[in-house]
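Asks: Sequences listed follow chains A and B, in order. Mapping the first sequence onto the working numbering, position 295 (from 1) lands on 295, and the numbers just tick up by one. In short: position in the second sequence from 1, add 712, done, that's the working numbering.
Be aware that a few hints might be false.
[Stated by the list, open to error] In silico DSBU-like cross-links for lysine-lysine, where the CA-CA straight-line distance does not exceed 30 Å:
#1 A:427 with B:1361
#2 B:981 with A:427
#3 B:886 with A:174
#4 A:665 with B:1361
#5 B:1361 with A:151
#6 A:649 with B:886
#7 B:940 with B:742
#8 A:174 with A:269
#9 A:484 with A:465
#10 A:427 with B:1378
#11 B:742 with A:174
#12 A:605 with B:886
[What the hints assert, rightly or not] Facing chain B, according to a computed beta carbon distance under 8 Å, are these residues of chain A, among others:
#13 100
#14 165
#15 245
#16 280
#17 307
#18 422
#19 625
#20 655
#21 658
#22 660
#23 662
Read the hints as simulated data drawn from the structure, not as lab findings. Positions of the beta carbon are idealized from the N, C-alpha and C atoms, including for glycine.
2 protein chains.
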Amino acid sequence: MSLNRVMNPDSVAVVGASRNETKRGYKAIKTLLDEGFEGSIYPVNPKEEFLLGLRCYKSVLDIEGPVDLVVITTPANTVPAIIEECAAKNVAGAVVVAGGFREAGESGTSLEQELVETARAGGVRIIGPNTSGMVSFKKHMDIIGFHQQGKGELALLSQSGNMALALFTEASVKSRKAFTYYIGIGNEADIRFHEYLDFLANDPDTRVIIIYVEGMRDGREFLQRANKTTRIKPIVLLKGGRSVAGTRSAGSHTGALAGMSEVARSAFKRAGIIVVENSDELFPAAETLASLPPMKGGGVAILADGGGHATIAADVLTDLRVPIATLSEKTRRALQEMLPGGAAVANPVDVAGGADGDPEVLADCVQLLLEDEGVGCLLVVGLFGGYGIRFAEELRFPEEDAAHRMGKLVRRLGKPLIVHSLYSPAKPHALELLRYYNVPVYDSVEIACRCVSVLAEYGLHLQTKPTRPEFTFHWEEAALPEGKKILAQAASEGRELLLEPEAKELLRLHGAPVTAERVATSPEEAAEIAAGFNGPVAMKIVSQDILHKSESRAIKLNVEGEQAVKQAYRRILKSALAYRADARISGVLVSPMASPGLEVIIGTKIDDQFGPVLMFGIGGIMVEILNDVSFRVLPVSKKATREMIDEIKSTTLLNGFRGQPARDKKAIGRLLLTVSEIVEAYPQIKEIDLNPVIVYHRGLGIVDARILLHPA
Amino acid sequence: MSLNRVMNPDSVAVVGASRNETKRGYKAIKTLLDEGFEGSIYPVNPKEEFLLGLRCYKSVLDIEGPVDLVVITTPANTVPAIIEECAAKNVAGAVVVAGGFREAGESGTSLEQELVETARAGGVRIIGPNTSGMVSFKKHMDIIGFHQQGKGELALLSQSGNMALALFTEASVKSRKAFTYYIGIGNEADIRFHEYLDFLANDPDTRVIIIYVEGMRDGREFLQRANKTTRIKPIVLLKGGRSVAGTRSAGSHTGALAGMSEVARSAFKRAGIIVVENSDELFPAAETLASLPPMKGGGVAILADGGGHATIAADVLTDLRVPIATLSEKTRRALQEMLPGGAAVANPVDVAGGADGDPEVLADCVQLLLEDEGVGCLLVVGLFGGYGIRFAEELRFPEEDAAHRMGKLVRRLGKPLIVHSLYSPAKPHALELLRYYNVPVYDSVEIACRCVSVLAEYGLHLQTKPTRPEFTFHWEEAALPEGKKILAQAASEGRELLLEPEAKELLRLHGAPVTAERVATSPEEAAEIAAGFNGPVAMKIVSQDILHKSESRAIKLNVEGEQAVKQAYRRILKSALAYRADARISGVLVSPMASPGLEVIIGTKIDDQFGPVLMFGIGGIMVEILNDVSFRVLPVSKKATREMIDEIKSTTLLNGFRGQPARDKKAIGRLLLTVSEIVEAYPQIKEIDLNPVIVYHRGLGIVDARILLHPA
């Protein structure tokens, strides 16, 4: 169902309308009137007859005409009853302002549940609760007072009203850009992030979507929609709540679980979202994407009128991994002819005072640089806009002409230009002109550079073909019925853990290379199994009550010979019972010793926001100390598994380090796909942990496998 | 010699004085007049009689009175002759504005050399060349036009005029702070960074020193002075020129070698300098340090009037490793009583609308938080200053009262308070009041957080006892004469490499644990030596022409038995000659095989700016792939060697990882000290490379040692 009636209502009722100027029930009506809402406004308050010149209604049901949206400003406990009235009135949606729901603990959580059930039963969509509200600038439907001028191009989804206020203030003070919609997501009780996203993706006026998020309730659905949306228009996102204190803060104000933030960050990026790390970058990144085409290749050129800024810009752009353009011989010669002797004409270009007396020189340089084929984007850093302030008042006029020329060059050539000016706070007219031509101007070198990198990143995203997760299930038909039996068996015994042989059997069913091994239930049987393998064996306890086999010491490696095997069997049993006297023992697993190779770890976990997540790393210090692992939210594509293998820092170890052979990356990739297929195929699975998996030059072997199930 | 006559001149001559308004020779005189320089101004130009109402002189020598400072605005090639005149006139110093010296290549470098020699011979100190100039605000001695108001507290040393302009603009637009001195360092031909630093350290009006540096010519001297200065007043520094493109840019504009930037960064920090990574943070960090006392312990409390800003501030402060305060039960109860139900009273504190109608509530919270013993610093984030804009116009007045109260609390309690306000660009009076009380206000959450971390970092520095480099030279008396002989021998043979036995002998002389080993010059001698050791031996070629022994394959490990040793000897010789037919062979080194242990790498290198640098890391992937090494500029203290060992990421491996024994960190520390002592004792040494050093539970063994010498 489209959210259009909710987002662009023709009629709005305000429940809890008030004549007290400090109350939301007053302000909502006041701002609707002030901003010129193009529709009917119905105050609802049983105690009033008129408010702000409007007739006041006893209840939503008393209103004669149809009502699209209801703004509820009364306390939390009154909300479910009001929603029932909304349902009876065929209201499309309600903005629930009050806090005191999920973010307030247990009783709030059940109140929120009641709210959602009532709303769903009655077909009323809920924005919030615990939200600052929403604004449809297109309809002048503003219940908050985010006054702005100009045609909107940006939409904002935010879990913080303060952040919204900050962005609106920044937009009006420092740019010529305006918004189409603002939605305060609040607790996301009913309408989720991805539904708003769909709505904004389809809105023709919204060119860029800005998101401030602390936690999402359905991250997986969001990622899938984001994947599609970013092909059409950019999404710029800031994630709050990385730290312990930040998570506590997020929890107390939106009831959000801030979630594994490394997973979130990489998942968002992979969906083509521009993730900024810094709240200062959020608006500039969106402004730039709404103003300029993304970079289509080539590198960035830097044009400066002083060395320091050139140096800093080059450093920052390098840190941001933006390629620095190599200028053509022709461009360099032309610059050399135009500029004084001290000028630098290799990128970064420093005019070294060559424009101090004539800012048109900068426009000449801009033209040369933008026309250079190797230049995909140009960054101007320094004083532009301030020549009339710094050097001589009459330079204002050639400076303004230079701005016109630069702006028209950008239009003609379709290449992005971003300008840093330390005179931006002085608001010289030349900079206003640049903004008129959609050339963004910043007073921070770092932010200007970040905006260049955003254009590079989004350009690259658009050039990358979309990949699909591949779930081919080569083994499904054969495997699934058998696999289900294994899980059913564990469930019937009330277990939340597969025994190691069960876990390996499940993997084997799905085509994973598990070493041949069998469970012995007596010393003699163990010896017999061992005799069937060549060479020494590994022996491990099989017990649903012993999760950590090493800790229990119920494990023996490198056992060889009949007597040794029998003795090992007896010792393992003894250790297991010493570790836990009431442990239920299924036997002892006997397997051939794996030949030495490189140990890797593959696993899956459930993320609160994104569901199953796949993890890969190299065993030992790399994972345990350096935390050098890669993550992907499932499902994954073949390409994603290749990237997972390549993006860990210690990936060099797989390529053959210090005379070691190269390791079978293809086999790792296959196993990563298999593991994700298994998690997808059996929703009962909570966690898989293959540790270690030994990787050889050809092939690999899963030495230990642990599979945990969700509680029934 | 003090720079006082240069920095605070009573008389200034401008050579190259001009009536052309776009020329430096005009502007320098104009701004001296405009700013009301408290001394005599002498234009010098043989073609003019009067300029700007002042009498013009044919040359410096024609001026009747004494001249302290000469500003030279004429081209590079004219400068040495003018300096000669300055010397004859007993001028204290000259500002050389022209470029075309070292930064311009070979001919410029020799011109600069000529300039320095002339100046030193004549006792004239040089600022620059290639500088934007200098300003002594105390004397209104301004030859640039950095107009400002208020009493100066900040001094600026900068290798970029643009950066200076940016900082002055920022100071005047966004703060109430002003400067005492500005010095454009330029090419640092004569007066070096550390001399300016000394001058500013002793200036009573300068409270904070700001430095923008791309490269230093005498970094070691600078570090030593900085070490002392930061005990008296803070230094805030930004280093430009980290990247390839940035280094190129720095080279072209100051002729500076941008140097190993990781070394620079950590060396600066260790000297107690506040190193900022971001040009946006440079001024705010300095402003904060000039305004507030450093943190004396405790954690930071965050006070917000909205959840989003609280969350972001908590994240950023955590990233910056600032401890987050735990509030006392008493504070939390008091906050709870004061604030509405939805408020968060654990740090971060979110008033959750509780101040919307009365900003005095914020001042009440500030008081509670600053009075909490666990709170060492308070950060207020959100809307403060904008209540009169956002909520109701008349709130301006209680908001101003709240500002007065907050300001006086800071004065009374001596604890720092920093305020973030998204309304800062609107310049409300309440924020001006905060600044009057020396409470800094920023419109960026990230920058406000960074300023908190700066106070924490500087506070910690002041609490840390200064450590002295310890060069005890236990072995010096005995070692030095013998050591010098080894080096003399190499020098006499024209070698820039010590043979391995020589290098190890030098180490042994200084008390380093080198395994017993001897050089054999025949297969028989090799067998004899090997027989003297228990167990297998390692055998390596000894040749001044073979630097990379492994590559030459002239090395055999684990050799045991007379025949095997003899054969190995012959094979090593064969491999060595196959690798390089004309290699001069001194023999084959025979040493007992080192028992297995953890391999570490210890080395020294010469940094362009800081001289000898000591390096430590764990061998193999840690150093080679993950680049996990620690650095220190020499000389080092015992404490510094401990820190070097602890600060690598893989240090856990030394503590005993996965059942491995803990390694002898004390022995590593001793060897680090020994190596630095050796480098200090023999200035001929260019590079030491001990790789690997095998570390055991007790003790260590140096398996391979390479020592390179400077070319004679």
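Asks: If a hint holds in the structure, say so; if it doesn't, say that too.
Replies: Status of the hints after comparison with the structure:
no., hint, verdict
1, A:427 with B:1361, "47 Å, violated"
2, B:981 with A:427, "37 Å, violated"
3, B:886 with A:174, "15 Å, holds"
4, A:665 with B:1361, "27 Å, holds"
5, B:1361 with A:151, "52 Å, violated"
6, A:649 with B:886, "42 Å, violated"
7, B:940 with B:742, "39 Å, violated"
8, A:174 with A:269, "27 Å, holds"
9, A:484 with A:465, "36 Å, violated"
10, A:427 with B:1378, "61 Å, violated"
11, B:742 with A:174, "34 Å, violated"
12, A:605 with B:886, "48 Å, violated"
13, 100, "7 Å, holds"
14, 165, "7 Å, holds"
15, 245, "4 Å, holds"
16, 280, "5 Å, holds"
17, 307, "3 Å, holds"
18, 422, "4 Å, holds"
19, 625, "5 Å, holds"
20, 655, "10 Å, violated"
21, 658, "7 Å, holds"
22, 660, "11 Å, violated"
23, 662, "15 Å, violated"
In summary, the numbered hints that this structure violates are 1, 2, 5, 6, 7, 9, 10, 11, 12, 20, 22 and 23.
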